[in-house]
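Visitor: Dock chain B against chain A, hints included.
Here is how the chains run, residue by residue.
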Amino acid sequence: MNVALIPGAILTIMIFSYIIKDNLSFKFAESLFVGYTIAHQLVMTVDGLQSSVGGPLAKGNFVPIIGVLFGIVILTRLIPSLRYVSLWGIALVIGVSTALFTRGLLGSDIMGQITGTIGAGIVGTGQQIFDRIVMIIGVLTAMSYFIFTETTVGGRPIFQYPRSIGKYFLLIGFGVGYGMTFLSRMALLFGRVVDLLRAIGILA
Amino acid sequence: MSKSGLTPARMNYILWAIFLAFMIIPAVRPIGIPFPIGPEAKHAYELVQNLPEGSLVFFSVDASIGGWAEVGPGGEALFQHVMAKRHRVVFVALTAPDGPLIAEQMVNKYHVKDTRKYGVDYVIFPYLPGGVTAAMAMADDFWKAFGKDYYGSPLDTLPIMKDVHGAKDFKLAITLDNNAGTETLATQWWTKYKTVIISQTMVMMYSWLRPYKDGGQVEALLSGARHGAEYEYLIKSPGAGMASTDMISLTHAGMVIAVIISNSVYYFVRKGEKK
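Sequence order for the protein chains is A and B. Per our numbering, the very first residue in the first sequence carries number 1; after that it's consecutive. Per our numbering, the very first residue in the second sequence carries number 1; after that it's consecutive.
Next comes chain A alone, as it looks inside the complex:
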């Protein structure tokens, strides 16, 4: 029996007791998990702050103080009369994040994806050619499902068929996503089951 694993095993059983019904032991384990996670994140964040601000300050670099001030003003949300000041800090965070994301997204999520879809052309082995054709049809028809919401042009149902095909591609995509999510959760359950078996000494 592995003593170190016993607290984890007990907490796992307490969490899984929710399968039967909501109960006090589940609530205790849930609260403990939330409390631990927040405490750990807080310690890590404060530690990171000490490292990225305290270090430069000790060397006479006062630039990080600007960032700290913008961080502190976000706390003015707690004072209703000064709430508007918090918007400066939030604006800086959102502005910088959006700018960085946009730069990254243009290269990676837009140009990279277009190149990945059609850039290489329809070449390669038989399976690669088939995969590429399916991908191009899937991308175009799925996009047409969202873009061409008006299916008729001059009374003729021009976009009806691409939209229908696109709908099936989307359904397959959602189905695969759901299936993989379920399998992923099952795999996480394996981890807990193995730890439970180790805790009671069935597995080494």
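These are calculated hints, taken from the structure and not from any lab test. Since the model is a prediction, treat every value here as computed from it, not as a measurement. One or more hints might be untrue.
Restricting the straight-line Cα-Cα distance to at most 25 Å, the calculated cross-link-like pairs of lysine-lysine (DSS-like) are [claimed, not checked]:
1. B:Lys148 with A:Lys59
2. B:Lys113 with B:Lys236
3. B:Lys213 with B:Lys168
4. B:Lys171 with B:Lys117
5. B:Lys162 with A:Lys59
6. B:Lys213 with A:Lys59
Here's a subset of chain B near chain A, in silico, CB distances under 7 Å, partners left out [to be verified]:
7. Glu70
8. Val132
9. Lys148
Backbone N, C-alpha and C fix where the C-beta goes; we use that ideal spot for every residue, glycine too.
Guide: Below, chain B alone, put in the same frame as chain A:
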């Protein structure tokens, strides 16, 4: 309730009991169901294998303990491989506060301190809050982003840091990801520095991260304990991944059978109702 007394809730309990048996039996008595080694694990293996000895590897532990059953087998196999190839490794955490803790656990579990020297061959940095902003800060200047390492040592006391300044110094970036590490590296590091990225992620994240692989931003994309098992096989170090392949194969097969049975029953019940 049906004539047999089987309510949907009772059926759920029975199904869970069957799946639990599918997990416990192969864990206690391994069956040894064979599994082929796919191109994805081989490609990731070759990327690490073909790097010149002593190359700098950026190793971001972006997975929390909760997702370790899925990310861990492949993550630990990648860790063992980069250490065995004597690459120099810089551990960081882009999106998971638990990252440094997990990195430290891997170092202890595989007795890395016996063969590699901290500060010379590898270094662990603390979690840097900020997500994308933190990733770019590291990419532009490690020395500015971190004042100290995880243990509080100043960077100028760590010999490995002489060669680490930013993203351009790394020959390879690895992310063990059950959060947003892959997207962060792909959109920021790849876009600006064309960093070669290996991602070990969870099965449920595979379908939405796959476009990054097809687009070339992520060089190798491993998902779940299954790819972890393949990687363990390639480095000849059986671990949690290979131990769980029987469980994965049996429960997945059981699930497919359950889906077919339930859909068939649903179809025939509806057909009967229509009549």
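Visitor: Look at each hint and say if it fits the structure.
Guide: Tested hints:
no., hint, in the structure
1, B:Lys148 with A:Lys59, "13 Å, holds"
2, B:Lys113 with B:Lys236, "21 Å, holds"
3, B:Lys213 with B:Lys168, "21 Å, holds"
4, B:Lys171 with B:Lys117, "20 Å, holds"
5, B:Lys162 with A:Lys59, "19 Å, holds"
6, B:Lys213 with A:Lys59, "43 Å, violated"
7, Glu70, "5 Å, holds"
8, Val132, "5 Å, holds"
9, Lys148, "5 Å, holds"
Of the numbered hints given earlier, the model fails hint 6 alone.
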